[in-house]
Amino acid sequence: MNEQSSLTVLIAEDGATDRLLLARIVREQGHSVITAENGAQAVALFAELRPQLVLLDALMPVMDGFEAARQIKLMAGQALVPIIFLTSLSEEQALVRCLEAGGDDFLPKPYRPVILAAKIKAMDRLRRLQATVLEQRDELARHHGHLLNEQRVAKAVFDQVTHSGCLNAPNIRYLQSPYALFNGDLLLAAFTPTGEMHVLLGDFTGHGLPAAVGAMPLAEVFYGMTAKGYGLAETLREMNAKLKRILPVDMFCCAMMLSLSFERRLAEVWNGGMPDGYLLPAAGGEPQALVSRHLPLGVLAPERFDEHPEVVSLALGDRLFLLSDGVVDTCDQDEQLFGVERLRQVFARNRAPQHLFEDVLQALEDFRGQSRDDVSMLEISVVEPQTLAPPPLVYSDSGQSSPLDWSLSFEFRAQTLKRFNPLPYLLQVLQEIHGLRPQSGALHSVLNELYTNALEHGVLALDSALKRDAQGFAAYYQERSRRLQALQEGYIRLHLQVEPVAGGGRLVIEIEDSGSGFDVGTVLARPVLEQRLCGRGLSLIRRLSRHAEWADGGRRARVEFAWVALA
Amino acid sequence: MSDQRIDNKVVGELREVMGSQYAELLETFLADCEKRMVQLRDARSPRQLSEAAHSFKGSCSNMGATDLAELCRQLEVRVMEQPAHGIEDLISQIRCEYLEVRPFYVAELERVSPQAARHPV
Chain H
2 MNEQSSLTVL IAEDGATDRL LLARIVREQG HSVITAENGA QAVALFAELR
52 PQLVLLDALM PVMDGFEAAR QIKLMAGQAL VPIIFLTSLS EEQALVRCLE
102 AGGDDFLPKP YRPVILAAKI KAMDRLRRLQ ATVLEQRDEL ARHHGHLLNE
152 QRVAKAVFDQ VTHSGCLNAP NIRYLQSPYA LFNGDLLLAA FTPTGEMHVL
202 LGDFTGHGLP AAVGAMPLAE VFYGMTAKGY GLAETLREMN AKLKRILPVD
252 MFCCAMMLSL SFERRLAEVW NGGMPDGYLL PAAGGEPQAL VSRHLPLGVL
302 APERFDEHPE VVSLALGDRL FLLSDGVVDT CDQDEQLFGV ERLRQVFARN
352 RAPQHLFEDV LQALEDFRGQ SRDDVSMLEI SVVEPQTLAP PPLVYSDSGQ
402 SSPLDWSLSF EFRAQTLKRF NPLPYLLQVL QEIHGLRPQS GALHSVLNEL
452 YTNALEHGVL ALDSALKRDA QGFAAYYQER SRRLQALQEG YIRLHLQVEP
502 VAGGGRLVIE IEDSGSGFDV GTVLARPVLE QRLCGRGLSL IRRLSRHAEW
552 ADGGRRARVE FAWVALA
Chain D
13 MSDQRIDNKV VGELREVMGS QYAELLETFL ADCEKRMVQL RDARSPRQLS
63 EAAHSFKGSC SNMGATDLAE LCRQLEVRVM EQPAHGIEDL ISQIRCEYLE
113 VRPFYVAELE RVSPQAARHP V
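For the record, the sequence lines run as chains H and D.
Position in the first sequence (first residue = 1) + 1 = this note's numbering.
Position in the second sequence (first residue = 1) + 12 = this note's numbering.
Excised from the complex, chain D in its bound form (with noise of 0.2 Å):
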């Protein structure tokens, strides 16, 4: 997948920097994926959704997520203004992202290591 919405350098140089533990950051960072969704879903208060936009950011734009951790960004602002409107919308677009981009890092995590693919945590 060579799309825009990953950023191929910053692949690249994961790739080159993680070495034999490639597939273990790729593993890592889907099940981070999964769990930031539940995060997404059931925070209880503005503070609490905020943050888990904060570290998904983060560690988005580290694996080379650029509009996953554009998105998150602007959920992480927007749900500390007043008033707080187009939450839901912004947590569903994050959702849509994450379902885009999350079949580039499985493939990469296949072509790395085919039998951690079969069983993504």
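Just chain H, with the same shape it has in the complex (with noise of 0.2 Å):
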């Protein structure tokens, strides 16, 4: 602080000779003085130049020093102008009258300039305090609304990142806080090219912006693989990178994700760190609990991640339904949780599906008397898959340029089979394709198809057979989990072919693996619906495609996909 500050003080005083002392000595002392005689005529010269001090005489004719200081503090609003009364008063009551009046100091008479100099000092710093006390007020309401602003936009921008996916879709319910973005909250659902339906409800640590911003690179990374049709595995895989590289070590991200295939009725879950979510089935019994059993993302390093799914069957009618840890999490008055088994309660109390958030919130209200604001509930229903049309595809190029008389070979051997899918990398240089384009959903179905079968019977060798109930369906997918981190040796072999026909072009996709084949003729003699759920998809090949033949005792696939020449 400037000691040496110079300050415009006003002096009222009706004497001649004290006024003109008092203004000489303030002069001296570096200060602009102007003077009034009255206590009137220091009010208007109050108004009209703003000085930072004022002396005043408290018995002055025409307005004395007590009216004059009241509405002098009343101008100066809530900065401090002080007051300092001249008085050579000794009575306590007119004391208490000047302070009453809004004095800050007393002046006696004679003045001392020593003392006079000392006071207005003090008085000085006082009137600063009160301005940066004021100033920091303003600046904190303005930084206040400026972080209101920012919240505004970033959820603003983080809606249209999330309105991309299927959060709309018509077999998808959720109810999440519009604050769920800054509770850490966090829920996307898109559709693979295939068909599949990805999900995520996850949970940052933290609050506020902190919490929010892993939000984005996660959203992403889900969107974008999503899109390019990586399995919810290697979503998984890339999310974890992302997120243990960008944040910061005491920051995670509690996940639970899903990836359901409505077409092959089953589901696989992954969930690190989230509250059990619920398979409810439509048969009624007990809802299964799908339970953690993985870190949250972003704690391990990509090197020790585990993202193996549990897998699940599903019928029709089944719900599955996810939830925050601001339900269960949810406390009493006596620091009680809601806990599980209240959850359970719900689930077997409630009578009509749609219902069961508003039950679940109700129960929630009930037990704690109000309700938090990062409670996120989600419920995906398992309809026929074509109920849901899964948006088009956007392609940004014209087409022109397709590439249209070519081929071209890959051998995929143990160590790839492993870890590596694939198919998004074939996909998009299948995309490239112009007139193909419009048959991308029953392509990418059919190649997921045959990739897995190729991948599943034939160098894994495992029996379709096993998954005709859930216990089967679990042992199935545990067995192939097993086998293929085992896996020596074998080899699925691909072939793509691409040729001008008149009127248009051809795709052949041929596909060969090192497994020992499978009786075509009776697979493909069993009823639909038996095949559906263990027949390797071979009728949802032949559905989709042009063409659609085996060879080779089973080990050879060869389909066929044809366009006509756009205009």
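Incorrect hints may appear among the rest.
What the hints assert, rightly or not - Dumping the calculated DSS-like pairs for lysine-lysine here, alpha-carbon to alpha-carbon at most 30 Å:
no., chain 1, residue 1, chain 2, residue 2
1, H, K120, D, K21
2, H, K245, H, K419
3, D, K21, D, K47
4, H, K229, H, K245
5, H, K122, D, K21
6, H, K243, H, K229
Source of the hints: derived by calculation from the structure; they are not laboratory data.
Put the two chains together into one complex, using the hints given.
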């Protein structure tokens, strides 16, 4: 603080001698002086010149010092304009009146320059302190407004990203607080090109902006990889690696991710640190808990991360119910948790499935007396795949430069098959063919089915008959994981051939595996329903492609797609 | 004049503080005194009298006229007391005291500004 600050000082004093003397003393101390002979003049001069300090005689003609002080303080508002009363008043009552009128100090006569200088300095300190406080208060208010605005913008941007997914699909219901982003809660859903639905419910550590910053990169990876056709495992691995790389050590994201295939009626489930999710069977009976078996995303280094999902089979009308810890961790007045048992009771009591969220909220309210703002819930119903129309893919290029006469061969061997999913790369290559784009959903599904067959039944020699019931289903996927880890030899060969034909073009996909093949005739003779559950998806392939055939004892499949040239 | 009715320490400080304006201060004070004498004589109410005594007391004390300030203080208080007696006597004491100290201030003025002293206000 500059102790030498020069002030404008108003002196109001009716005695000419005293006024002259005081003005001289104050000027000598380096301040500017304006003088008034009575209270009314003092008030008018104050309004006009806004001096920073006022020396006021108590007894003056026209308007006395008390009234002038009141008016000056009123005009000064929140700023501190110190008023020093000039008085030789010795009665207590008069001194009290000075203070009540807004006086901050007294200066007795005879005036002593040293005393006056000290008082002006002290008052200037107070005045500047008050000014600083006001400035900081205003700055705080500005920052607060700024912060709120930033949060609004962040939320708007984030909502854009979130809504690029398929949360509005007819079989999804969700409930999320408008403040979810700043609670660290995150809800994402999108279709893969093959029509699988990927869903993620996440919960970042912390609150406020720090909890929100991780959401963007996570959403980006989720949507980007899902759109390119990557599966649950690859997407999780990438999300974990990304968060591990960018987040500070004490920040991570509890997450539950599902990959739902309505075509094959199965769901891959990965839960890292979220509360149990539930599979609510359409047939009634005990909900099946989807338990956390992993550490949250962003904790483990990529090489230690375990992306293996559990696989559960689904029946038409089953519902998957996911929730944030705001539900089970809600406390009542005695710090008791709402807990899993109470939630299960809500499930048991729920009669109208469409009111499950409301029932849960009501139970929370009854339990606690007030609702929290960090409760997220998500419910996905298992429906016929035809009722879901994945959004059409949008291409940015014109297609004029489509390559139309080429072939491509790959051989993927054991070490590659263990960890690498080549489909997204292949799909990207095929997307260059403009004429195929209207069929890309079917193409993706068929390629996916062919590759899965070659890997699981061919290379890994798994028997699809295992998948007949729920236990067998789980056993099948455990065995798949075990055999894949142990895989030492084997291959999948893939040959793509694109050629122009009159009026359009043709794609031939040939896929060959190192397995022992299968009896094509027997499998194709089974009823369609049975084929869907455990029959290698052959009917799907036949339904979606123009032509499909198996050769070499089922070891080699050949599928054809054709298109008509665009006008 | 070095009598005790004038506080020489205060006067010394005035000279120092006022510098070039010292003469102006003396002139102003002498004019003020004349004005106050008239006010004391013509006051129409105890309140007017008290206020005049209060103001006069202030300037006297600032100018180092210690005894004169003390007499003004007595008058200021006495006027507001009931029954008010001895007022006339106090006013005449103030007049006498003023006549006693006036030459000191005139002499001061003469010393620092001979022209101004020849035409007192």
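Enumerate the violated hints, using their earlier numbering and listing them in ascending order.
The structure conflicts with no hint, since it agrees with every one listed earlier.
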